[in-house]
Structures are given as structure tokens and as C-alpha cells.
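Residue numbers (numbering that gives the first Met the number 0), protein chains in the order written: chain A, 0 to 350; chain B, 0 to 350.
Since the hints were made in silico from the structure, they are not lab data. Heads up, some of the hints might be wrong.
If several chains are the same, the list does not tell them apart, and a pair holds so long as it fits within one copy or across any two.
The calculated lysine-lysine pairs, modelled on DSBU-like cross-linking and capped at a C-alpha distance of 35 Å, are [stated by the list, open to error]:
(1) LYS315 x LYS23
(2) LYS23 x LYS107
(3) LYS5 x LYS76
(4) LYS268 x LYS341
Fair warning: this is a prediction, and the values are worked out from it, not measured in the lab.
Protein chains: 2
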Amino acid sequence: MSDIKKYIEANKDRFINELIELLKIPSVSADPAYTQDVLNTAEVVKDRLEKAGCDLVEICDTPGYPIVYGEKIIDKKLPTILVYGHYDVQPADPLELWDSPAFEPVIKKTELHPEGAIFARGACDDKGQMYMHVKAMEYMTTTGNLPCNVKFMIEGEEEVGSESLGWFVKNHHEKLANDIILISDTGMIANDIPSITTGLRGLSYVEVEVTGPNRDLHSGLYGGAVANPINILTKMIASLHDENNHITVPGFYEKVEELSRAERDEMAKAPFSLENYKEALDISAVYGEEGYTTNERNSIRPTLDINGIWGGYQGKGTKTVLPSEASAKVTCRLVANQKPGKIYTLLKSHI
Amino acid sequence: MSDIKKYIEANKDRFINELIELLKIPSVSADPAYTQDVLNTAEVVKDRLEKAGCDLVEICDTPGYPIVYGEKIIDKKLPTILVYGHYDVQPADPLELWDSPAFEPVIKKTELHPEGAIFARGACDDKGQMYMHVKAMEYMTTTGNLPCNVKFMIEGEEEVGSESLGWFVKNHHEKLANDIILISDTGMIANDIPSITTGLRGLSYVEVEVTGPNRDLHSGLYGGAVANPINILTKMIASLHDENNHITVPGFYEKVEELSRAERDEMAKAPFSLENYKEALDISAVYGEEGYTTNERNSIRPTLDINGIWGGYQGKGTKTVLPSEASAKVTCRLVANQKPGKIYTLLKSHI
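One chain only, chain A, in its complex shape (with noise of 0.2 Å):
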């Protein structure tokens, strides 16, 4: 162990400053307008992983961003351990909330973070995970440590779905085979505390447009009268949930499995501070499905956001119009057993 923090402690300037240059490059999958930086940065990673020890490092075409992948087999009889991570990330939107830019890495000291911290978009989600496994692999290959055969499948549309994912691993069983997977996307309970992570949701998205008369129209002349598409889609979105806000959606709930008495015990466990969690977000209560505790919420229940809406005039002053049209994105997280195909199906035609 000595050695490896005497490795890091050699390489430290190095680390950062590369993982800062990984960090400037806006990787954004959702945004058409970043397509090359996309790109560009599967070319960095697939530089680094070469860098790092991989006899073999590919950029396999998908039907999407590419995926990259690389390998070091060193004894096919020794188990292999398949890495995955992505070197996609969110688009930087609300910029006005950023302390600084969004894609111009700096170094903080913060009261979460008093040794410092890298603060960009990616840093935590995924390009500082997937790096410190990279940078682990490089160790083992520098100092012949390695102990095993290693895959790295770092893909570039995590942060939209990953449905090239699907596609890349169906399409590649034999070059994917191994004993086992090391997510570079989870979190930890604290600092301190070793987590093991199970499960995590997954994702179905929609886009929901409601298109009312031809043009927008004046509200005193037409208000009242005609249907205006935003009453009409908060209307809808408002129907999702109960007064208990348990989702509405026929059959939405079929499928989820429900934990029994002693694992939910064993999770309470977990440690949490309610009033820590009010506190970091600034909000006085928390808020959701009747009959679960915060942590169930946000981990063993499915659950339905809308992550935007728009419709009508959005600018300063006012306009007295009734919209011609409005849209919402809608988010279920979904748990074991719901696929998100269904859950469409099922929102589809419940909307």
C-alpha cells in the first residue's frame, strides 16, 4: 500500500493536471452543437488507456457516439474485470448558477471539500471516477502489480439514455466476457464509508407537446373559450400524481417489487441526517410518495419528474396571449422489473 501512495504522490501534479485537461472538453451528448467536442474526447480517452497499459484500445461506431474500448489480457486464466465509466456529460444550463465556468476546471477548498476539490461539469460525473480507474490500471502496468486481466467500456451517451449501450453490448458478447463489472458511476454514503452499490434506477423519457389553436391569440378576445394548450398540459402533468403522490399511470406500479419489513429495516440503517439533507438543499421539508422514508424514496420507489417545461411568452413584462402550443419533458425513474419501453407504452396512452 505504501507503494501505490508513494506512486501517487510522484504523479499528483500530473493527474490533476490531466484530468483538468479531460474536463475542459464539453462533452455534452444532449446538445447536437457539441457533437465534435463529444468526439474529441473518446479520442483523448482512448489515448489515455493506451498510455495507461492497454495492448489493445479501439473506437467502436455505434449508432450513437462511439464507445471506447480497451483491453489487457495478461493470463486468460486469471479472472478478467470489465470497467465501465463515460466520458459524456450534462449540459452546464442554469450557467448563471455556476460560481465559475462550467468547463474551466479550478481547484476550491470548501467545507464539504477542505483538502480541496476540482470543480467543473464531469468532475464527479464521470470523467473524475472513470479516471481514477485508469490512473490505478497505469500504476499496476508501471509497477507490474497488475493481478488480473482488465476491459475498459467507457461509453459517451450515459448522460442520454446509453442506448447504444444496449446495441454495443448485444453486438459484442465475446469481446465484453468477463467475471466482473466495476461501475465508475456510483456514489458513497460518506467520506468514510465503504459503500457497495446494488441497484440504481433506470430511465424512461418523454417528450410531451400539447398543440392548441393555429397561432398564438389574444386572451381577452379568445380566453375562456378556446383550450390553451399550457392549462391543458399542467392539467395533465397534475393528473400524473395522487394526493398521496403515488404516480397514477394504470399499471405503472405492477412490476416493482416491494421490499420486505427487514430489508427496509437493514437500510434505515444506512446512516442519514434528515436535517443535513433539508440543509444542503435549502428546503424546510422533503416531499414525496406517502408511506416511505426519504431514502426509499429516492432509491427502491419509481417516480415521475417533469425536468423542463416551456410554452408561451417566458420573456420580462407581460403578455396577454393563449398560447398556440407548450411542451414538458417528463423523467420515471424506474426500479427492478419496470422496463422502460413499457412504462412508455403505459404513459402513452394513460396521457
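With chain A fixed as given, assemble chain B onto it according to the hints.
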């Protein structure tokens, strides 16, 4: 009457060109970016009133945009007509729905306008109508036909609630004294049906902002456990109408006058084709308060419409964000006896 027709023929091109010049100025009162344009428009209106024959024209300061006042007093014993109009316009967006730029007027023949009409923001609300009265005045002063005293009061805040107009009227009782008020800002039932407007709905406008956590959150890590401002806002808005599309704000209908059966029968005689109405708007059905016809819903009944809504991610693609805030602009259209201040208070305490 043939004199006026001759005068119009002789001056038609000048009339149209002058109106087009006026329409080119983007006097958008809602958006502070256009402040100078709104002020410039007041100057042009002043100039036109002087040229139309007013003896006295003033740009009168108010707490907001100025009001252009003009008068021609030919004999104090004769009746005085006060002409009201406004020189401000609505914002031009959504820009993509314009066939030609909003502030570059074009003359086009269409099915509805076989003789051609000017298309520009403000052409029929309200620069066109106001201008018609200015030119009628010009004709009468130029030809010595003016049979009465005339006053003009042209404001610049009609599209943002006319707040300074109330102030101005209160502070200039004597200046505005008149026998008849002629309003340049109403419509006609049809091009060949002379119409007298005896009442118009008023307005109460509020902006609602719902704030939740102090930053945008990851909907996978927090979704379901923290109140989502968009979900809350949509629930709030949806709750403002019941299943019959009656407004649920307690006390909202308290002062609303109910018309007698005879009055409603009289109203129903006005020419109106529901089929044409739906066709013109490209809608398959009308929608509104149970128990009232379309023409009643948009005239004698108060309404509550959402004019704009926004929150969270509105760009292309997906972003699984649980947003920190969401906002909406809400208008109530009010009928006789409903006071905007009172309705604002009721709405605020209900929300």
C-alpha cells in the same frame, strides 16, 4: 360623403406610407430593450396630431411611458369628443410564426383580405385604428368640416395593463373633460356589420415563481424525495379550474353579474359560425366553462389563463434534472364589478 372619398383617394398613398413608417417602430412596452423605440413612437404620434390640425399637442410624463395629448377646441359650446388609442404593441415573438418580419410591414391580399391588408405588429392593435381617427381629424380640419371639439389621449402602456393611464386620468380631470369617448381599440363583428362595443373585459396579471432546492438536482439521486417545483407549479395551476372549467379561487365569482335569459338570447342573435371559428383556429373542438356558449365564454364570463410557463431544461435532447425553480405568468380576464386588485388578493391567498 363623396368629398371624403375623394380626399381619401387623393391622399391614399401618403396615408399608407405614413402608417407603414409608424408600424416600423418596434414600440414593445413589455420589454425594456425597446424603451427608446416606445419613446420615439410617442414623438411621431405627437407630430402626426400636429399635422392633423390639433392646436395643442403635448407629450405628458407619467410614472411609466408618456401619454400623447392633443386637442382642437373650435367652440366651447359645442360637444367635445375624446379619442382614446395606444401607440405601444405586443412583443413579436414567437418569431418563427411570422411569415414576414413583424416590424417590416408588407401589404398582402389574402382570402380574408381580398383587397389587401397591411401585415405588421400593431397594424390592427392599435396603430391602424388610432391612425384612422387621426386621419379623420386631418380630413375635417383640412376641409373645414370639423363639427365639434376633439381631444386625443394616446397612451403607451395598453399592452402592459395601462397602469399610468389611471394615474393620468385622475390627475387631469379638467384637461380630459368631454361629452363622448371614442375608443380606437375595439373590433367589429364582421366587416359589413357596424358594431358598438358596450363593455370589455379587464385584466389581473400575476407572475408565480415556485422555488425548491437551492440548485438543480439529479433526478436519479433525488427524484421522488424532494418536491419538484415544476410538478408543484403544474399541480397548483391545475387546481385553479374544476372539472367544469369553473375557476376555483374562493370569492372569484362573487361580484360577477349574471345576464338574464333575455340578454343572453339577444347576444345569441349576433352572427357567429362555430364551424368557421374552429376552422379559422384549426381546432377540432371548443373548450371552456360549462353552461356557456363560445361567445359568452369570451365576453361576459371571467377567465384564468396561463400566458407563459418555464422551468428546468428546455433545450434539445434530454437532461434528467430536478429543477430548482419554475415560473408561470397568469392572467385573469375580468368582467364588470370585478376589481383587479381584489382578484389579485384572492388569487394570491388561494395559491
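Cross-check of the supplied hints:
1. LYS315 x LYS23: Result: close both inside a copy and across copies, 34 Å intra and 22 Å inter.
2. LYS23 x LYS107: This pair counts as within: shortest intra-copy Cα distance 16 Å, inter-copy 52 Å.
3. LYS5 x LYS76: within (31 Å within a copy, 104 Å between copies)
4. LYS268 x LYS341: Answer is within: at 34 Å inside a copy they meet the 35 Å cutoff, but 52 Å across does not.
Hint compliance for this structure: every hint is met.
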